[in-house]
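Visitor: Required output: the full structure, derived from the provided sequences and hints.
Residue numbers (this note's numbering), protein chains in the order written: chain A, 6 to 211; chain B, 6 to 211; chain C, 6 to 211.
Read the hints as simulated data drawn from the structure, not as lab findings.
You can trust all of the hints, since none of them are fake.
The list treats identical chains as one, so a pair stands whether inside a single copy or across any two.
Pairs of lysine to any residue residues, derived as SDA-like cross-links and limited to a Cα-Cα distance of at most 25 angstroms, are as follows:
1) K47 with T30
2) K51 with S118
3) K164 with D194
4) K47 with G26
5) K109 with Q157
6) K109 with S174
7) K47 with R116
8) K47 with Q157
9) K183 with L169
10) K181 with P114
11) K164 with G54
12) K109 with A48
13) K109 with I166
14) K164 with P44
15) K160 with I149
16) K160 with F170
17) K209 with D19
18) K109 with L179
19) K51 with N156
20) K160 with D93
21) K183 with D103
22) K181 with Y108
23) K183 with A36
24) K51 with F170
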Amino acid sequence: MRLRLTPRDTSFFDLLGVTAGHLVTGAQLLAELLGADRPGRKAIAKQLGEVEHAADESTHAIMRRLNQTFVTPFDRDDIYALASALDDCMDDMEEAADLIVLYKVDELPARVSDQVQVLGRAAELTAEAMPRLRAMDGLQDYWIEVNRLENQADKIHRKLIAQLFDEISDPILLMKLKEIVEVLEHAADAFERVANMVETIALKES
Amino acid sequence: MRLRLTPRDTSFFDLLGVTAGHLVTGAQLLAELLGADRPGRKAIAKQLGEVEHAADESTHAIMRRLNQTFVTPFDRDDIYALASALDDCMDDMEEAADLIVLYKVDELPARVSDQVQVLGRAAELTAEAMPRLRAMDGLQDYWIEVNRLENQADKIHRKLIAQLFDEISDPILLMKLKEIVEVLEHAADAFERVANMVETIALKES
Amino acid sequence: MRLRLTPRDTSFFDLLGVTAGHLVTGAQLLAELLGADRPGRKAIAKQLGEVEHAADESTHAIMRRLNQTFVTPFDRDDIYALASALDDCMDDMEEAADLIVLYKVDELPARVSDQVQVLGRAAELTAEAMPRLRAMDGLQDYWIEVNRLENQADKIHRKLIAQLFDEISDPILLMKLKEIVEVLEHAADAFERVANMVETIALKES
Chain A
6 MRLRLTPRDT
16 SFFDLLGVTA
26 GHLVTGAQLL
36 AELLGADRPG
46 RKAIAKQLGE
56 VEHAADESTH
66 AIMRRLNQTF
76 VTPFDRDDIY
86 ALASALDDCM
96 DDMEEAADLI
106 VLYKVDELPA
116 RVSDQVQVLG
126 RAAELTAEAM
136 PRLRAMDGLQ
146 DYWIEVNRLE
156 NQADKIHRKL
166 IAQLFDEISD
176 PILLMKLKEI
186 VEVLEHAADA
196 FERVANMVET
206 IALKES
Chain B
6 MRLRLTPRDT
16 SFFDLLGVTA
26 GHLVTGAQLL
36 AELLGADRPG
46 RKAIAKQLGE
56 VEHAADESTH
66 AIMRRLNQTF
76 VTPFDRDDIY
86 ALASALDDCM
96 DDMEEAADLI
106 VLYKVDELPA
116 RVSDQVQVLG
126 RAAELTAEAM
136 PRLRAMDGLQ
146 DYWIEVNRLE
156 NQADKIHRKL
166 IAQLFDEISD
176 PILLMKLKEI
186 VEVLEHAADA
196 FERVANMVET
206 IALKES
Chain C
6 MRLRLTPRDT
16 SFFDLLGVTA
26 GHLVTGAQLL
36 AELLGADRPG
46 RKAIAKQLGE
56 VEHAADESTH
66 AIMRRLNQTF
76 VTPFDRDDIY
86 ALASALDDCM
96 DDMEEAADLI
106 VLYKVDELPA
116 RVSDQVQVLG
126 RAAELTAEAM
136 PRLRAMDGLQ
146 DYWIEVNRLE
156 NQADKIHRKL
166 IAQLFDEISD
176 PILLMKLKEI
186 VEVLEHAADA
196 FERVANMVET
206 IALKES
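Guide: Below is the structure:
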């Protein structure tokens, strides 16, 4: 057994895992919201707001601990950036839900569900990966798969934009749908940024 | 009296205070611009451009000094990020003024004045807080209040967006107003980012 | 002759030069695309996608080497930021090309060519500057000129936006053109960010 001379605060991994767990719940709520009616959507968007708030709390807990801990398990700035990037995923998903409610868009193209499904899968992979940062093990499959998912999201997004411009003649409805679709694409980019950061951290530590 | 062994360059606080002072002037000009007629707005937007230029100069002075000073009062990267974030506040306010003139939007909803009023209050609090970085004292009230203001700005913004989509049927006018309102919301976010940075710096130093 | 005791990995300069070289090709393809017909544009956009992919590869090579090299020619974070910023220039140029094809916009205002010409000049200057980072010599002319070009791009952009709102009455066409013009303006900003980073690096080293 190898002895570790400097004890490292492992609770960062737990906290990152908690934040990522909220992303899984967030993506599930977003999928539910798509299938609901207008009052149902309002209620689910409110729930998503509470999950976002909880994720915010765990991000803040990471930041606070970061500023009070002398030895961190890996580079301080990398933990900070990782926590911020997880936060961005949640913000984008909540914003999409908010816009759907605010814009009173009743019908959304089927491909929007495809976007949200990709986000759900990315959230699950991210939540499974965070605890594995402790041993820096089995992370490569994660970042490769999230990059693949982002490519898939990108293709869905491009098709959606082309479809919107082909099919929607009401410019105001077009503006609304385009913005929702773009915020969901930002969420997919945010998950990819998390995966790229994990890759960078793993390369540094190897 | 406690002796300080490493002299620290305190002029960073003065320079940050100067930049933040320009934000107060900028927010005042933006408020004036809203009440003016078209030629008046053009003249005020030009003045705001000059204030933005002056703020840019003081940001550059901070950056230059940062690169030439060995011992900084707190973490070099934090000063850099703080100066950049102050700059973002100004850029967003100037952009809003520019768009109002460029888009020849004569009438703006009353809530736009509410947005600008919140920016003015945030700018004042920021300008008062910068000199207090020297002693790291009395800063908590500042960041709590700016976070509260950002929440208020966010609520005004959401109501404004809903109002625009409810009341404006001309899609091109809607595009213009939506963009102006969003740039003002970005300015409120930028002030919150400054406050969050000050919080982080204070936590590190405590 | 002055001896250097710590050998520094100079291949970073070569890799940055390779990435910047792709930007020159990218800007040339973008200019060609403007003059082509619809099928020609599609083919050129595909080529641009391949150049973007090649630039991505050289950026990744920089990142990988960065994580495996102990002594870097200048601050590790600065190399990282510089490589990312070069990547942003390419992403924006590719996005503009993609949007022109995706939106099936046949006619573009003449000023769009002016925007692309400025990008081409900025790309050339950037590619010439990267190898000069080795000796930190003759860089001032580069960053001053790129800042001047960004100012010029900004003026063209503002005139273009005013022109679009004056001349285009179809709101959907306006949305398309506005977005293309804005992405090109982001590309000019990205080149300025690269130049500002080079300035910061040069000041630190002086």
